[in-house]
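Each of the two chains sits in its own frame; use the hints to bring them together as a complex.
Here is what each chain is made of, one letter per residue.
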Amino acid sequence: MEKFTKVTGIITPFDKINVDTDQIVPKQFLKLVQKTGFGKYLFYNWRFEDDGTLKKDFILNNEKFNGSKILVTNENFGCGSSREHAVWALKDYGFSVIIGTSFADIFYSNCFKNGILAIKMPKDFVESLFTYEGNLVVDLQNQEIIVNNTKENFEIKQDKKRRLLDGLDDIDLTLDSENIIESFEKNRTIPSII
Amino acid sequence: MSETLFEKIWKSHVVKEKENEPSLIYIDRHLIHEVTSPQAFNGLRIDKRSVRRPDLTIATVDHNIPTTDRSLPILDETSSIQIQTLETNCKDFGIKLFGKNSKNQGIVHVIGPQLGITLPGTTIVCGDSHTSTQGAFGAFAFGIGTSEVEHVLATQTLWLEKPKSFEIMVNGKRKNSFAITSKDIILSIIRQIGTDGGAGHVLEYRGEAIFDLSMEQRMTICNMSIEAGSRAGLIAPDEKTFDYLKNREFTPKNYDELVDDWNENLHTDSNTQFDKSFTINVDQIAPQVSWGTNPSMVCDVTQTIPFPEEFGNGVSNQIKSAEKALAYMDLKPGTPITEIQLDRVFIGSCTNSRIEDLIDAAEIVKGKKVSPNVRAMVVPGSQMVKHEAEKLGIDKIFIDANFEWRESGCSMCLGMNPDILKPGERCASTSNRNFEGRQGVGGRTHLVSPVMAASAAIAGHFVDVREWC
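Residue numbers (the working numbering), protein chains in the order written: chain A, 4 to 197; chain B, 3 to 471.
No wet-lab data here; the hints were simulated from the structure. The reader is advised that the hints may include incorrect statements.
[Said to hold, decoys possible] Under 7 Å between C-beta atoms, here's a sample of chain B residues computed to sit facing chain A:
hint, residue
1, Val-37
2, Ile-60
3, Ala-201
4, Gly-462
Even glycine gets a Cβ: it sits at the ideal position worked out from N, Cα and C.
So here's chain B without its partners, still in its complex pose (with noise of 0.2 Å):
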């Protein structure tokens, strides 16, 4: 019988299943960070439970930590509570942590690859939504609650009802592949399946321009599946993936063993039908830019802020929720994208903050000076990519420009450390939401890719960045 790629994983880990009941699925890497994980290590000690597999399980500290200097004491009192207690816990249930001080620190969905913990064909869950990221390595990815967290510490486990399977045909070839990233291509597909369009499944994206894209760039279109209201997203891995993976600090020992094994299996098999299908074309695609409040509000650099009926296509609730998002974010019908003016620009966070968007975001920034008007920081995915960066003088290019170089961590994605947006203050941002008050209270978020967050630096306002280059 063909199958697809995802129920070929799932098959793999069915521990127990019953009819028409949820299945017991077993999980083979559990990445913690500090904010969703304490509650859960408390249901362990009242319940008098232990870690069943730490030996599976990582931590670190990413949605709290400061991006300035790591010497100096947190200052906000919760904030160093929260990353003490999961100190604490590692400690307690003998999980290995990659804190505040280590060179492997960093946003938890960036060093997994890193380090070699992703692995093909594998489940993979956290604490976080985002999760869905590393389905680029051909995994089934996906993000949970904290009383799942407690779940899968306790039991390995999780019960889990079968997703459906979405294919996304991603065809073409990009007409300026530097200028239109990965990042474009997901805005685009959202912005056209919507931010519930596929919940209930897991999406596979498939076709010629997604094997074009290295894992950098095919971790951009995974993270935000979840946008699209899917838990999970998966690729299936190729040659590019089994090379990403190889001689990693936590590379399997018997990895040309497993390849062997995934290269023979790890694919959808021809013919096989998948309960929904969407067909996107990249040829035409330009830079996307979002202008609302939700990130299926996107639209091209070249175009206008769109009138909410026509946004809304004649569904009350849409346009009723678009008038809502313009409100919030002080924008006019009409108003041409490359008007609009920026006070900040950040350049980070699990969607956009590894090794590649940097060499690219420099490469715009490169002999130029951000605008007087903006204030723009650049914030490392992991510590691994910031000493990477400093080796190529990448660090260098942005300080001159007057970029802030900061620590690695989450940082402005959602401003739970003191990198936040001021009420009122509009950022270009290579993040993944753009829900209100998501990078500050009041604060207004326009998602973009690294090169058109790094030419809107430059000119204070949005550019369409193939003009630069």
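Chain A on its own, in the form it takes in the complex (with noise of 0.2 Å):
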């Protein structure tokens, strides 16, 4: 994975609030089977008409927005099916950073392995920005949103802001464990299913 470096630039504001998994990315495009050119499917009904024009008041259609790497965002985002599909679509379309007031567990935990940075931010904060229009700076190392020169600090758990700044795999740093996982196993008092 990439590592993940400061990010710069305007946002996209999406005030809406249960956005689900399906209105990211439409159920007939799951099945392709690589990860790669899912953006064109990003919020595939909401943002084309039926002849493939697009809708003119879908906000990722605004101009304005072109070439956003910010997507800000209510409550609950990326709620219901776990496809991770979502998560490369708008990884695809540009987006490196989604700020909300909160996300759906599985949504969430897809973001990081995909270089996405997810950050929670208390309600005012979040309202603010849905009618900011200037540059952003979003600074993984020292834990801050720039806005206008202010700075505001935000949480997030040690070990996922690790693995973003180092672009680290998981699956190598889970195999460096392997005799703790072998040990395990010798222990396990579930049999196998054939």
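And the structure:
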């Protein structure tokens, strides 16, 4: 995984609650067997008319937000299906930071496996961002978001921070403990399936 | 020290732990299907890794598989490729697959328990959020993303932050235990605690009304834990649990020994404090019908469509989302639920496609006909359910009533196969999610129990099924 660096830029304000992963990537696009190329399907049913033209009133179709890497959302973002395709689509579309008041558990975990920094922030702060049009700096190393030269700190578990900053592979890390896994297995009483 | 059931299972699976960091947790059972696994196997190939414990892993095809004649080729090319990819991956990595023509094929959360693969006190994962279903057996069962699927394949473990515990106390006795189902209980719970009420927590369902339920009814409850935001929900095992799993195809040989151990250990100690607690009484529960676009937007069948202000209770976000939901659903506040006319009825999904669901629905349908305005289908959860139903003659009851009787799979719960709603169609569905477009772009879903769906199919609109039985 690529190392996570500081992100600076405009935000895409997306003030909706309970956005489920069926909306982030609809089921008709889950049939691909690779991880790449999901960006074009992001929010497909909200973004496109039936004939494939852009829906004018959908936020991602506002040219003002082209190239934005920071999505600001509201509570319980990413609820529902466990599909990691939702995160692949957000990443492929260009988002590397998502700021919201809360995230669904599986979605939150999936973000960090794919180099997306999901940040939980207080309601007042998030709501103030929905109308903010300037640049934002997201500095993971120092755990701060800079808005209008004002710094706001954010919380993040240290292991998640380290893995993003170092771009570490989880499996490699785990296999370092292979001898511990082996000795755990020796004491198990649950038999094999077959 | 007194502990919750979940804490006991967690503790017995910790491979490695460090303060303030996630713990490495051992996984006893890994179930795989065609949609969320191909990228995980690709990852293994790229890094030249193998599957650590193929003997703890099984696979089936359920999401994409057509529910029509299995001897015919799959017409959708991308579905066909995804299914073939799973076949190749299972062959290459030595994993047992219950494929398209297997007698054990079915929805992964339906076949796990039916085959005796699901066991109390175990950790069970699958790249599917409804893995929580299997918590009904006193297991810590939860959905994972594809990166985690790859991690489990390679290491048989997962890094997890320990979730908090949430007690859901379900008291009382249902007035009409045929018409008021476990689906109505879980919808009532989600209606009250909300779609993120359980986030960060493992739910433990307790109380007399839970132990009164059969294993299949308990699975319906645990299945929808994720709709309340919880990755997992569980129920302590009892005699019903042990009886259910006895003599299944993959029930372990030392089962009796295991049962002795589970009997002794798998319960929450008395006087244990949960991090959170919620109590519901089922005495007064009515059949539930969802009216909106998430599973907390639910009301009694006797009620009317709520006004957004009433639903939102002064919270502007909630009011906005209710307005949007009603626009999508094309419903007007104040309309009685029983006046909602339907185009489609779907009885199936990992929530409600087991044999008891079909027996109960058939009881309602027997000797009647589906309304001429409705197209109705029954999709058994597995080939085993289908054959059992056919042995009991239930298929004939449905077919005589003009229901379509299909092969097993996820089908119209998420419409990855050809079973989908057309834009604007309205469906009474026994599935778990009423999200926008879930059952087909522009389709409108109302979540209900199997007996409510069956009665709605006959009447052409929702009815209070208590009046029918």
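Evaluation of the provided hints:
no. : hint    : result
1   : Val-37  : holds, 5 Å
2   : Ile-60  : holds, 6 Å
3   : Ala-201 : holds, 6 Å
4   : Gly-462 : violated, 28 Å
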